[in-house]
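Residue numbers (the working numbering), protein chains in the order written: chain P, 1 to 335; chain Z, 1 to 335.
Hints should not be assumed to be uniformly reliable.
What the hints assert, rightly or not - Think about it this way: if two alpha-carbon atoms lie no more than 16 Å apart in a straight line, the pair counts; the simulated EDC-like pairs of lysine to aspartate or glutamate are:
(1) 2(Z) - 235(P)
(2) 2(P) - 211(Z)
(3) 2(Z) - 212(P)
(4) 2(P) - 236(Z)
(5) 2(Z) - 236(P)
(6) 204(P) - 211(Z)
(7) 2(Z) - 211(P)
(8) 204(Z) - 235(P)
(9) 2(P) - 213(Z)
(10) 2(P) - 208(Z)
(11) 2(Z) - 208(P)
(12) 204(Z) - 211(P)
Claimed, not checked - Not everything, but these chain P residues come out facing chain Z in the computed CB check (under 10 Å):
(13) 4
(14) 5
(15) 28
(16) 269
(17) 272
(18) 280
Read the hints as simulated data drawn from the structure, not as lab findings. Please read these numbers as outputs of a predicted model, since none were measured by experiment. Even glycine gets a Cβ: it sits at the ideal position worked out from N, Cα and C.
Number of protein chains: 2
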Amino acid sequence: MKKLINDPQNVVAESVQGFVAAHADLVVAGDNPEELFVSRAGGAVQGKVGLVSGGGSGHEPLHAGFVGVGMLDAAVPGPVFTSPTPDPILAATKAADGGAGVLHIVKNYTGDVLNFETAAELADAEGITVRAVVTDDDVAVQDSLYTAGRRGVAGTVLVEKIAGAAAERGDDLDAVAEIATRVNANARSMGVALTACTVPHAGKPSFDLGEDEIEIGIGIHGEPGRRRIPLASADEITDLLLDPIVEDLGVSSGDQVLLFVNGMGGTPSSELYIVYRHARTQLEAKGATVARSLVGNYITSLEMQGASITVLRLDDELTALYDAPVHTPALRWGL
Amino acid sequence: MKKLINDPQNVVAESVQGFVAAHADLVVAGDNPEELFVSRAGGAVQGKVGLVSGGGSGHEPLHAGFVGVGMLDAAVPGPVFTSPTPDPILAATKAADGGAGVLHIVKNYTGDVLNFETAAELADAEGITVRAVVTDDDVAVQDSLYTAGRRGVAGTVLVEKIAGAAAERGDDLDAVAEIATRVNANARSMGVALTACTVPHAGKPSFDLGEDEIEIGIGIHGEPGRRRIPLASADEITDLLLDPIVEDLGVSSGDQVLLFVNGMGGTPSSELYIVYRHARTQLEAKGATVARSLVGNYITSLEMQGASITVLRLDDELTALYDAPVHTPALRWGL
Numbered sequence: 001m002k003k004l005i006n007d008p009q010n011v012v013a014e015s016v017q018g019f020v021a022a023h024a025d026l027v028v029a030g031d032n033p034e035e036l037f038v039s040r041a042g043g044a045v046q047g048k049v050g051l052v053s054g055g056g057s058g059h060e061p062l063h064a065g066f067v068g069v070g071m072l073d074a075a076v077p078g079p080v081f082t083s084p085t086p087d088p089i090l091a092a093t094k095a096a097d098g099g100a101g102v103l104h105i106v107k108n109y110t111g112d113v114l115n116f117e118t119a120a121e122l123a124d125a126e127g128i129t130v131r132a133v134v135t136d137d138d139v140a141v142q143d144s145l146y147t148a149g150r151r152g153v154a155g156t157v158l159v160e161k162i163a164g165a166a167a168e169r170g171d172d173l174d175a176v177a178e179i180a181t182r183v184n185a186n187a188r189s190m191g192v193a194l195t196a197c198t199v200p201h202a203g204k205p206s207f208d209l210g211e212d213e214i215e216i217g218i219g220i221h222g223e224p225g226r227r228r229i230p231l232a233s234a235d236e237i238t239d240l241l242l243d244p245i246v247e248d249l250g251v252s253s254g255d256q257v258l259l260f261v262n263g264m265g266g267t268p269s270s271e272l273y274i275v276y277r278h279a280r281t282q283l284e285a286k287g288a289t290v291a292r293s294l295v296g297n298y299i300t301s302l303e304m305q306g307a308s309i310t311v312l313r314l315d316d317e318l319t320a321l322y323d324a325p326v327h328t329p330a331l332r333w334g335l
Numbered sequence: 001m002k003k004l005i006n007d008p009q010n011v012v013a014e015s016v017q018g019f020v021a022a023h024a025d026l027v028v029a030g031d032n033p034e035e036l037f038v039s040r041a042g043g044a045v046q047g048k049v050g051l052v053s054g055g056g057s058g059h060e061p062l063h064a065g066f067v068g069v070g071m072l073d074a075a076v077p078g079p080v081f082t083s084p085t086p087d088p089i090l091a092a093t094k095a096a097d098g099g100a101g102v103l104h105i106v107k108n109y110t111g112d113v114l115n116f117e118t119a120a121e122l123a124d125a126e127g128i129t130v131r132a133v134v135t136d137d138d139v140a141v142q143d144s145l146y147t148a149g150r151r152g153v154a155g156t157v158l159v160e161k162i163a164g165a166a167a168e169r170g171d172d173l174d175a176v177a178e179i180a181t182r183v184n185a186n187a188r189s190m191g192v193a194l195t196a197c198t199v200p201h202a203g204k205p206s207f208d209l210g211e212d213e214i215e216i217g218i219g220i221h222g223e224p225g226r227r228r229i230p231l232a233s234a235d236e237i238t239d240l241l242l243d244p245i246v247e248d249l250g251v252s253s254g255d256q257v258l259l260f261v262n263g264m265g266g267t268p269s270s271e272l273y274i275v276y277r278h279a280r281t282q283l284e285a286k287g288a289t290v291a292r293s294l295v296g297n298y299i300t301s302l303e304m305q306g307a308s309i310t311v312l313r314l315d316d317e318l319t320a321l322y323d324a325p326v327h328t329p330a331l332r333w334g335l
């Protein structure tokens with residue numbers, strides 16, 4: 001295992017310390033290392049719906065990289081690939097509460113769903129109204145190693161951006177939850193792994209892939225996907241990811257879509273743009289218009305080589321909220 | 001070789017096609033595929049000094065990712081790890097010329113220096129005044145596989161940002177060149193490789209590194225560095241990179257510095273923040289103030305795992321120019 005780390009047990013704590021020091025104008029970390037969370041510098045915005053997300057670490061910049069104006073109010077980084085417990089989620093929820101309630105954005109993994117539910121009950125007992133939206137945009141498999149139903153993957157980034165903009169403009173909790181639900185309902189994703197990744201405290205790769213083998217439909221923790229195939233061309237792989245997305249979403253002529261090509265952490269951006277190129281051509285061939293684009297490492301699996309494609313069907317309101325200003329460590333425009 | 005590519009010969013062309021399609025609001029590619037360059041959408045800004053950089057591909061987002069308002073006017077992506085020829089550099093120079101002259105920002109590699117010089121002579125013959133600033137911020141080695149003198153590495157990103165802001169505010173060619181020279185003179189860098197990278201048309205790794213071996217002082221094409229050592233902790237590696245930087249730059253108490261931790265392409269951002277954490281602590285222990293920070297993949301070596309550290313000594317003018325608005329595909333703030 002070759003990593004730029006010290007003690008594997010301290011990876012998350014030290015990384016968050018560096019992250020908070022580098023972005024002190026935007027984020028702070030809670031005081032209690034047993035209840036680690038990251039929230040906006042300056043505290044909760046009074047009268048604004050608070051947005052909280054979180055989950056296992058190892059997917060950076062998700063979620064802490066998206067804390068800031070126009071996106072999340074707080075994020076809870078669990079141990080690598082392991083859900084945070086209810087205590088830090090509760091602490092983050094309290095830090096994000098500006099009196100208008102808090103929305104939990106939860107990727108559909110069994111541990112995350114349970115722990116966010118418990119935290120929501122605890123917050124409710126303290127007088128904070130919490131609603132949750134569970135993302136499940138991954139079309140690859142129905143159930144998986146850690147999931148009942150579909151997994152929540154890269155669509156989560158778009159949910160956080162767009163619901164964050166709705167909260168920032170002053171929508172109430174129900175309205176922000178509706179927007180988040182609408183983004184999730186109109187987003188579909190699928191990923192591919194060229195290589196496995198290694199969880200620091202495990203010390204060896206999470207799974208084995210042959211020298212010329214790739215996994216189509218990989219999960220963000222290396223959970224099994226649809227099938228393993230021999231290495232193929234970028235265009236062929238792009239088709240294998242995009243076709244199920246297009247079919248499931250029912251992309252049709254005249255649709256306006258956002259095309260998001262996400263890197264898994266170890267893939268050069270030049271390769272992501274090669275995937276983007278063919279995906280865009282294929283969407284346009286179906287009569288869709290690629291109205292917005294996002295290409296880069298936004299939800300990763302440590303140093304895994306691979307990529308995912310997400311298509312979000314846009315409407316005028318979602319487009320305007322996507323375009324709204326955002327200022328976070330990992331996503332920034334208009335400010 | 002596992003890569004998301006089609007024909008290895010088409011990697012640069014297809015990647016640039018995807019890049020330009022994804023960022024059509026910011027950049028365009030020239031019409032002639034034999035003279036490939038990327039320039040600002042909307043063309044040269046009349047009366048503004050034009051900034052042009054370029055070099056071998058494989059270091060994305062450098063340089064094309066930095067074309068846009070407040071940074072470069074044009075970038076010339078050569079073949080992977082191979083300098084572009086004078087013809088596309090000349091074409092980019094003409095596209096960037098708004099009548100106030102053009103500054104070439106050239107990383108110190110023999111091929112780049114020669115080809116930019118030839119292009120400058122050709123531009124001069126066509127009536128365009130060109131000045132060049134050669135970056136050489138890498139403290140690792142004096143001469144190297146492709147270089148006489150020190151190599152130009154991550155400091156180049158800061159030269160492009162800060163000189164770009166000087167051009168945007170209306171400085172003339174001499175003044176922009178002076179700013180670029182000042183940034184280079186106050187920047188020092190050094191990198192480490194944990195793994196090698198594979199040039200697509202070569203099909204095998206550029207060099208061999210043992211299972212538990214890392215290379216201190218690596219070049220961005222995998223050129224030899226100072227020495228190979230067994231894998232060490234992130235803090236130890238950070239010291240091995242930072243100490244020569246601090247010594248060479250003469251960082252002393254009271255200095256204001258920009259700390260830039262750059263990923264080589266295959267390293268998760270969580271690890272970059274662990275490096276940042278310790279580097280910041282060490283700089284502060286010397287009495288320096290880390291006034292600005294940049295952490296992420298900005299000048300890469302394909303899928304290489306590793307990182308580089310750059311320290312730039314700031315003055316009030318450099319800080320103000322660094323803070324000035326920038327809107328490019330890979331670096332954006334204030335707009």
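Against the structure, the hints:
1. 2(Z) - 235(P): Holds, because 14 Å separates the two Cα atoms, which is no more than 16 Å.
2. 2(P) - 211(Z): Roughly 8 Å between the alpha carbons, so the hint for residue 2(P) and residue 211(Z) holds.
3. 2(Z) - 212(P): 7 Å, holds
4. 2(P) - 236(Z): Holds, at roughly 14 Å.
5. 2(Z) - 236(P): The given pair, whose Cα atoms are some 14 Å apart, holds under the 16 Å limit.
6. 204(P) - 211(Z): Given pair residue 204(P), residue 211(Z) holds - Cα atoms ~13 Å apart, limit 16 Å.
7. 2(Z) - 211(P): It holds: about 8 Å lies between the C-alpha atoms, which stays within 16 Å.
8. 204(Z) - 235(P): 22 Å, violated
9. 2(P) - 213(Z): 9 Å, holds
10. 2(P) - 208(Z): Given pair residue 2(P), residue 208(Z) holds - Cα atoms ~14 Å apart, limit 16 Å.
11. 2(Z) - 208(P): Holds - the C-alpha atoms of residue 208(P) and residue 2(Z) are around 14 Å apart, at most 16 Å.
12. 204(Z) - 211(P): 13 Å, holds
13. 4: Holds, because the Cβ-Cβ distance from residue 4(P) to chain Z comes to roughly 4 Å (cut-off 10 Å).
14. 5: Holds, about 5 Å.
15. 28: Since chain Z brings no Cβ nearer than about 15 Å to residue 28(P), farther than 10 Å, the hint is violated.
16. 269: With a closest approach of 5 Å, the residue 269(P) hint holds.
17. 272: 7 Å, holds
18. 280: 6 Å, holds
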